[in-house]
Amino acid sequence: MTVYQGGLLEVTSVRKRFGGLHVFNDISFTIPPGEVLGIIGPNGAGKTTLINVICGMLAPSAGSVRLDGREMTGMPLHAVSRAGIIRSFQQTNTFRAATVRENISRAVRFSGGGEDTWATIAPLVDEFELYPQLDEQSDKLPYGLQKMLGLILAFAVRPKVLLLDEPAAGLERRERMRVDSFVRHAQTQLGCGVLIVEHDMDLVRRLCPKILVLDSGRVLAEGTPDDVLSRKDVIDAYLGTADEEAA
Amino acid sequence: MQGIVATSLIGISLGAQYALLALGFTLIFGILGVVNFAHGGFYVLGGYIAYSAISFLGMPYALAVITAALGTAALGYLFERFLLDRLIDDHLATLMLTLGLYMMISSGILITFGPQSPAFAFPLTGVLRAYGFYVPIENLVVLAVCVAGIVSIYALIYRTDFGRALRALADDRAVATAQGLRPKVLFPTAFALATGLAGLTGALVTPILSLAPHVGDPVLATSFLIVILGGLGSVGGATVAAFLVGMVEAFSAVYLGGSKGALALFVLVLIMLVVKPSGLFGQRARGA
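Heads up: the sequence lines are chains A and B, in that order.
Each residue of the first sequence is one higher than the one before, counting from 1 in the working numbering.
Each residue of the second sequence is one higher than the one before, counting from 1 in the working numbering.
For the record, the hints were derived by calculation from the structure and aren't laboratory data.
One or more of the hints may lead you astray.
Said to hold, decoys possible - Output of the computed footprint for chain A on chain B, the stretches with three or more beta carbons under 8 Å from beta carbons of chain A:
1) 159 to 165
2) 171 to 179
Unchecked claim - To give an idea of the interface, some chain B residues facing chain A are shown, with a C-beta separation under 10 Å as derived from the structure:
3) ARG81
4) ALA168
5) ARG182
6) PRO188
Said to hold, decoys possible - Quick list of simulated restraints, FRET-style, between CB atoms:
7) B:PHE113 with A:ASP116: 57 to 65 Å
8) A:ASP26 with B:ASP85: 31 to 39 Å
9) A:GLU172 with B:ALA93: 41 to 49 Å
10) A:PRO123 with B:ASP161: 20 to 28 Å
By construction, the Cβ of each residue, glycine as well, lies at the ideal position given by its N, Cα and C atoms.
With the rest of the complex left out, here is chain B (with noise of 0.2 Å):
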């Protein structure tokens, strides 16, 4: 009972994270239109900002991590504004411009970092002991904003007159714009929220994982499996679906051996994809 307990801890902390960066990755495509192929390099480069913040300038850890988010948040509104949004409506060209931003944060990092994993190490150590139980603290302490951030962010969507204005442009951009909202001015910003949301993620849980300039590749596939799982474009969908993942990946882990874990995940969006296509929260496909 107690292993169960714990794993199920471990899920929940695993579907936090998953879901704090799988929000923004949704969160573009279901007002944008746009398969964001740049969201792993966002996780990445949160990382790197938060490590170079320690390392370099000497920041303590909460400020780095802040400052990953902005600084995430500011790369992603400055290339939604003057290159993303010229293309926005041509789903090959963003599609290419999203994997040619990637490539780009990767291999920048590559050659700023070199291929090797930096020593970037969580600040808190040690274990929580109650119960019986065994949680280390820095699962914890990363639990906790992942929980505070995906609650913010259910606020921001649903209960500010900016989340509404996202909200009606994902519905329908033409009626939206037609009602007076600008897009010009609300898709840069909605993309800001979703890379920053990637950076907060990278920068919170890359010491606690790894850091290197290819973690990103797992993380956007990640990505895509809970979009997929959860129904593209829902919010509520991808919260769902990422902490089924979380639970999933911890168990199968626990009980199935380290590498069925991705095997149990494949298998499980498989057989979402043929008894509901459209995902545990999808409705129709865009445009359709």
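Isolated chain A, as found in the complex (with noise of 0.2 Å):
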């Protein structure tokens, strides 16, 4: 049995711009191998586009990304993804004409996987129940099957960093612990670091020990999340404050 290694993941002093339009400033932060990191804050707080710049599908303005100590800033998303950085999208990343099978097949094949993986995977296939819809086209799944799908082909990769992008959103509560039962798979069978960003709380509690929070392009605050989300400042960024609320 292939034992895996996950990958240690620094983000140093990152920043991204869009013309005039600052998304981001110095956003730093490490994930060991292993451990997982939440990222929240409020909508347009840059969240998806710092997942966009790690993986390689947007090039930051300024600042490093690396793994393992090599560099990986400015490669495109497809070096990235080789070197072992994978990424969920927010909607469900399944190859939609494809059966199940097929999709898991793509993703062993192409990151020259074998036997061994598919043993890792089997588990997350039984677990989500997804093997009486093997031979299922993908998009004909239920939502929340699809999101599984696209968390296994993730998977199936072989990581040493997961960039998981709203994992949760439209799934249903029962949906959501295979989320955590996702994560936890991730983290013994492969030892990847996990980078969740969530607008999920519970979700969050369960599975960071360690949360950042963003707001407007910074970091507002970081720490374990019973610190960070009793703050005033947090709460006021999520909820707004009682001056906006009577405006």
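Build the complex: two chains, separate frames, hints provided.
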């Protein structure tokens, strides 16, 4: 059985701007192998753009992204992916015209995986109740199962670091618990670091020992969920202040 | 009865040629999202490369056909890699680029070889007689090569990792790239494959039909019709539709008269657009 080892993700003083619009400034954090970092913040805070920058879909305006000390900054999406940083998308990220089996098979083959990869995927397929749907076209699945399949595809590439963009969005309560199982499975089987961007605070509290709050493109707070989520400025950023409500 | 069988054989032969041609056209649309207006140009170029290889270099016909396929594939690769790729997501720009390339190919051939058809004949002649049927040998050879080409393309697309990667890119480029696939390598390769198929078909078919700078126009129109009929981007649909078009052309030419073949074809496509706009095997429109 192959033993997988996650990688150390270092994001240092990353900035992103589109023309005159500064999306975020000086964002820095590290995610050691096997650790989970949650990033929360109101809509428009720059969370998804940050994931886009880390995974290579967008080049940063300044700063660096490193994986195990290797410079990833400005590398294209496929190269960052091959290096081991894999992202999921807010919406489903499956090959819609392909069956569930073909989806998984592609992810395994594209990453050069084999039987041992299938063995690590099997428990997830079983837990997400996808076995009866293996020959179903993926866009015919219920939305929740499509999202679960998307997570399995990210796992099947055997990442060193997983970037999950709102994995629980649009899921029912029971399905949200599956995200927990998925993250635990990725940690134990692959040893990978996980970055989760999420609005579901219950899920963030369960999975993330450390969180980082983004607001208007800057780091508003950083620490454990209990500490950070009890801070007034964080609550104000999320829920709005009394003055704003009155206005 | 003999007439129906003989006409069917002509239809199958035509359909195989169209299928080889249309497969390239639909592959480019399905994978790159590009409508390649230069496809007919690569067909003509294939014919002229084969003709030149035989006439000026003294190559045997089989080697000339291979040279034509490789030559058009190489040109397609370079065109996609250095021009098309820069504007791949701009539909209007890719349309203008491929149209411009088609005009350049046609004009280049016209300037180099002149407007008249060169003397380019199929090296094998004769008729095969069996069970009361008469089939030209050249048609049988072309049919055999086209069928071998179609089977090879299917094997490549559905049985190899390269094919899986192309289908993945066709399904969802962002997801495929996020899994480590490289569009900058795969797109020009797919384009080269498609233009190579057009060049191969041109080298095979133009000695039987005709070779002239403008013969790419009807080829492009027929490719369009086939791909619309089969469903945009559908490999299976393009193959079925190509044989359907071949049959319609053959039967309408024999039983309705030569000029009514094209009319029957357009009526067929019109009915399809009304009844099933997505085509025989088409799914929802790209990006919908």
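Taking the hints in turn, this is what the structure says about them:
no.	hint	in the structure
1	159 to 165	holds (count 3)
2	171 to 179	holds (count 8)
3	ARG81	violated (15 Å)
4	ALA168	holds (5 Å)
5	ARG182	holds (5 Å)
6	PRO188	violated (15 Å)
7	B:PHE113 with A:ASP116: 57 to 65 Å	holds (59 Å)
8	A:ASP26 with B:ASP85: 31 to 39 Å	holds (35 Å)
9	A:GLU172 with B:ALA93: 41 to 49 Å	holds (44 Å)
10	A:PRO123 with B:ASP161: 20 to 28 Å	holds (26 Å)
When the structure is compared with the earlier hints, violations turn up for hints 3, 6 and for no others.
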